[in-house]
Amino acid sequence: MTGASGLLGGAVARALVARGDDVRTLQRRASGVAGATDVAGSVTDPAVVTRALGDGVDGVVHLAAKVSLAGEPEEFDAVNVGGTATLLEAARRAGVPRFVQVSSPSVAHAGTSLVGVGAEPADPVGAHGDYARTKALAELLALAGDGGPAGTSVVAVRPHLVWGPGDTQLVERVIDRAARGRLPLLGHGAALIDSTYVDNAADGIVAALDRAPDVHGRAYVLTNGEPRTVADLLAGICRAAGVRPPAWRVPAGLAGAAGGAVEALWRVRPGADEPPMTRFLAEQLSTAHWFDQRATRADLRWRPAVSVDEGLDRLAAYYGGRAG
Amino acid sequence: MSARATGRTSRTSRTSPRAADTVPPALPGLDPRYSHVLQDARGARWHFLDNLPDLADRGVEPAGTVLAVHGNPTWSYLWRRVVAAGADVGWRVVAVDQLEMGLSERTGEPRTLPQRVADLAAFTDALGLEGPVVTLGHDWGGVVSLGWAVDHPQQLAGVALLNTAVHQSDDVPLPAALRLALAGPVLPLGTRTTRAFLETTLALARPRLPRDVAEAYRLPYRTPAARRGIEGFVVDIPATPDHPSRPELDRISDGVTRLDVPALLLWGPHDPVFSDRYLDDLVRRLPHAHVHRFAGAGHLVAEDVDVASPIMTWLGGAARSELSAPSASSVGSPSSFVPIWGGLDARAADDSPAVLDMTVGEHDAARSVSWRALDRQVRRIAAGLHGIGVRRGDRVSLLVEPGPTLTALVYACLRIGAVVVVADAGLGVRGLTRAQRGAWPGYVVAQRKGLAAARALGWPGVRISADPLPAAARRALGVRHELVDVARSGEGRDLPPEPGPEDEAAVLFTSGSTGPAKGVVYTHAQLSALRDVLATHFDVGPATGLVTGFAPFALLGPALGTRSVTPRMDVSAPRTLTARAVADAVRAADGDMVFLSPAAVLNVVDTGGELGAADRAALGRVRTFLSTGAPISADLLASAGTLMPRATAHTPYGMTECLLVTDITSGGVRDAAAAPDAGVCVGAAIDGVDVLVAALDDDGAATGRPEATPGVLGEVVVRAGHLKERYDRLRLTDLAAVRDVPPGRWHRTGDVGHLDAAGRLWIEGRLAHVLTTPDGPLAPVGTEQHVERVEQVRRAALVGVGPAGVQQAVAVVEPVASAGLRRPGLAPAELGAAVRAASPVPLAAVLVAPAMPTDVRHNSKIDRARLAAWADGVLTGGRVGAP
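Chain order of the listed sequences is A and B. Heads up: the first sequence begins at 76 in our numbering, then just goes up one per residue. Heads up: the second sequence begins at 24 in our numbering, then just goes up one per residue.
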């Protein structure tokens, strides 16, 4: 497992430990996963990677990535593309039979609406933003390295908009901005978007690991299969955390333009905090993107166990418990 | 038969440069391998398309040959899709270029119709055409092809025609477009010197021809010399009785009338030359023909729509010789058949009232017509209509308000075998015009308003005024006869023989609320079967007194031998009926059965407070109460029940195609309310009707074998003796609506629902409105019923967004006025949560539409297709306008 210190990585590692797998994790910080063996280091370091793979590894789940809405392009390239190349190469050399590349639906999202589509091919040229661009390259690289059941079976899964208790990427940002009154709805907030409760995403990744020899070479989008409007989803998260849901609106086009301007501005003042808006975020929150989950569910033999509403209840319990 | 074998190198310089050559490669949609030339015994060189080599390559022995003949100014290119499609189904197709036309020889001699018919025979002789032949023709090629058909009865296996004509009535002017083309110096200018005629014809395509296809049509007609044949064709139109080609045209049109081979007529109604008038003439000559009018298509129907597929389907049937056999549709044995006027005949000597009309005069005064008088009036009108030329099979459109006059007219027409055409004024002027043009009645009986519309909009049919008119108005409205004169002329005259059970009796138009209005054809056997199921199921007979606040049923009174009364109301506006008017009618007719439309029920209940003690007593005698036309709520039914405490309330379910399918009483509605089933319970099938359900597949298509298995969601299919014969001149619609598994003639209703273990039918929506979700097909009504229980919701529609198979369910709600929600868009959080909580299926979104788009017809059926498109736009992040 790489990237086990994050929300999703931790959930995957715990799920694997829970079912009795012997889990070794690789990341810069401690994973905090009880029962797993941590190897500290970066996926970009071949020596560390080779050591982490050691002998007798049955599968790799590659989750580590630079996930951010802003930053230097070279850094994204080094971590997301370089890291994948290093890890996959080492896995092939070590004869690891299964390799799950955890990707993102944004690799095939060029800003237009995605309505009920399957996993379109990754498109580094059309993808918006450095994160999506480098994740697209990484997925293409990983699937190109698929060796099939006789070698290393590679499968890519793209969990979409993962959230849950402890999530700093989406949930904390939403709550933080909403609490400060800085969370607008883009457009009418009526675009339907898919999302994935973290436990479902973890189960899906484990399923992909198990099914890799049968579904190798393919990419699957992973979601709850319950699209909701942006307004509903943000309001649900805010209510769970006890903050006021967003009530003011910014035209989607304006937000996109502002995001572009902000990105440019943040480029010339490195080291500052995250930009309040990026084009990527503006697109994600104003255009529909939801997916056809039939192939994912049939091929991975997996169904999400936690509904959106149940997930929001768990989120509310988490924040309620923390507050109390 | 290849180009090489027929010596195209022998071409001489006398002919035009392109004469009798094969087609150049790369004409859009045409495989150049199909192009051939031959020389007939007289030396004339012909170009033609032929798929025989293709069939030989596939090792297929053709079932027969389609001989396709183009008109003016097209060429065999017109048939390219038919030629290709023929090869796929094992039929040889030979599409010939007539001499002087297309790529065939320019002989330089003018060719008349008899010559053209002889030319075609010379061509088929040279081709050595053997085996069964089906002719296919368009425009004037239709006439030429029929000439061949009439002359080759041994080989002829069928005739198919696209917009054409075999008869020019001398009292009907030529179409304006042709009159212009034939006018003196315009003729050579329009047809030969310039390309006007050619370009005008190509411009008739709907939609416009792609540029390369239009170019292909122009190919053989680039020079004035090459266009001489176009001019010659126009000169040869037998427009007047003394035209030299007229005897040949008459010979062919007479011959066609005697053809008994299968026939197919495919028609584009938007044709300035070959209008529906000519289709009607052909239908009279070939009454057994399968007919389909493609709404929206025009003169170049072969370009406008796919005609190849229906032709091939028909050929498949013709090969199995199913087409020549009349459809065995009547269920009852012929011996038990009692004509629809039987009830009237039986009481012909009865002086008691047959029909009472309270819509005229004051208060509880009624215009009363006895059985004896009604019978006499029916006979007078019947004989009078026959006297002015109305014959068996002639269509008579009735644009007369319900009342004794309409009743007498209907029975008079039926008695002489005339086919009544009934289209409700509720269709609106456009819908009515479409209906009149589609049905093409030979006669129209109308009141002043209908006559004015017929005149102004050019509706077909000899006009007969139902009311006396001043001479000036008669002239202005183009009225040929007045009904009083017709009836007087029929006094004491003998009636023609009665029509048989299989003869057509009526064309009823659908309401148009679920798509464009369609004509539905009923035979006498089917109308009589309808009368019989009504009589049996509702126990109606000579002792009954029928109060009909729903006009169509007033017409059935005489058929049932039952006294009927129309209460005081504006018959074209059912909601003008009051409770007191019903009570008055019950008293006047000693009524014990009340028929109301849903709108009338509403007002009758609303005005219940005006009833006096005597009124209440009268209503207390009613034993049966029916509301039909659309579902009404259990509450409304119960309210009506309190006005008629002894009456059993019924709400039957049916459609124009099968007027009575199931029935449920108010008690049944109460029982159904306790059941867990989704949808509206419409009760069990009545005796004589079979109801099954064809399960939906994952794409929402009703592909399952029809079964009675409880709980299976599918399309409702019905079978009954009173089921329609067919749709009128809509053969393809007809084929799509019919199922023959299990054995029998089943009608696809387009409604979806399920049967329960008790055999009750539950309607859950229209097939076209089914959502296709990843979890399977989902019918909307069940969920809507739950959502409509939310306090703030006035009505709800469940629609799907996204691609078929992965659709997400979205509830669109129309809030009650007090909710204060006037802007369309996402529902406020509380309303959204309430709707979600009420819905039995997960909802991706809840939207508010302050005013639902509905059909103009009833203002009740929600336009779900439009709502779904709107929801789709909103939920992809588009603009939020009004739906």
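Bear in mind the hints are in silico, worked out from the structure with no lab data behind them. Do not rely on the hints blindly, as some may be mistaken.
[To be verified] Per the computed footprint, the stretches of chain B lying under chain A, defined by three or more beta-carbons under 8 Å from a beta-carbon of chain A, are:
#1 817-826
#2 849-860
[As the list claims (entries may be wrong)] Just a sample of chain A residues kept apart from chain B, beta carbon distances all over 10 Å, derived:
#3 A105
#4 A122
#5 R168
#6 G170
#7 V192
#8 G201
#9 A225
#10 R255
#11 P320
[To be verified] Now the in silico label distances, taken between C-beta atoms and shown as ranges:
#12 A322/A - P230/B: 47 to 57 Å
#13 P199/A - R817/B: 47 to 57 Å
#14 G782/B - R376/A: 35 to 45 Å
Predicted model only: the values in this text are computed from it and were never measured. C-beta: ideal position from N, C-alpha, C; glycine also.
Hints and how they fare:
1. 817-826: holds (count 3)
2. 849-860: Answer holds; 3 residues pass the 8 Å Cβ test.
3. A105: Since the minimum Cβ distance to chain B is about 40 Å, A105/A lies beyond 10 Å and the statement holds.
4. A122: Given a closest Cβ separation of 46 Å, the condition holds.
5. R168: Answer for R168/A: holds, closest chain B Cβ roughly 41 Å.
6. G170: holds, 38 Å
7. V192: violated, 8 Å
8. G201: holds, 18 Å
9. A225: The assertion about A225/A holds, with a minimum of 34 Å to chain B.
10. R255: holds, 21 Å
11. P320: violated, 8 Å
12. A322/A - P230/B: 47 to 57 Å: holds, 48 Å
13. P199/A - R817/B: 47 to 57 Å: holds, 51 Å
14. G782/B - R376/A: 35 to 45 Å: holds, 40 Å
Hint check: violations occur at hints 7, 11; the rest are consistent with the structure.
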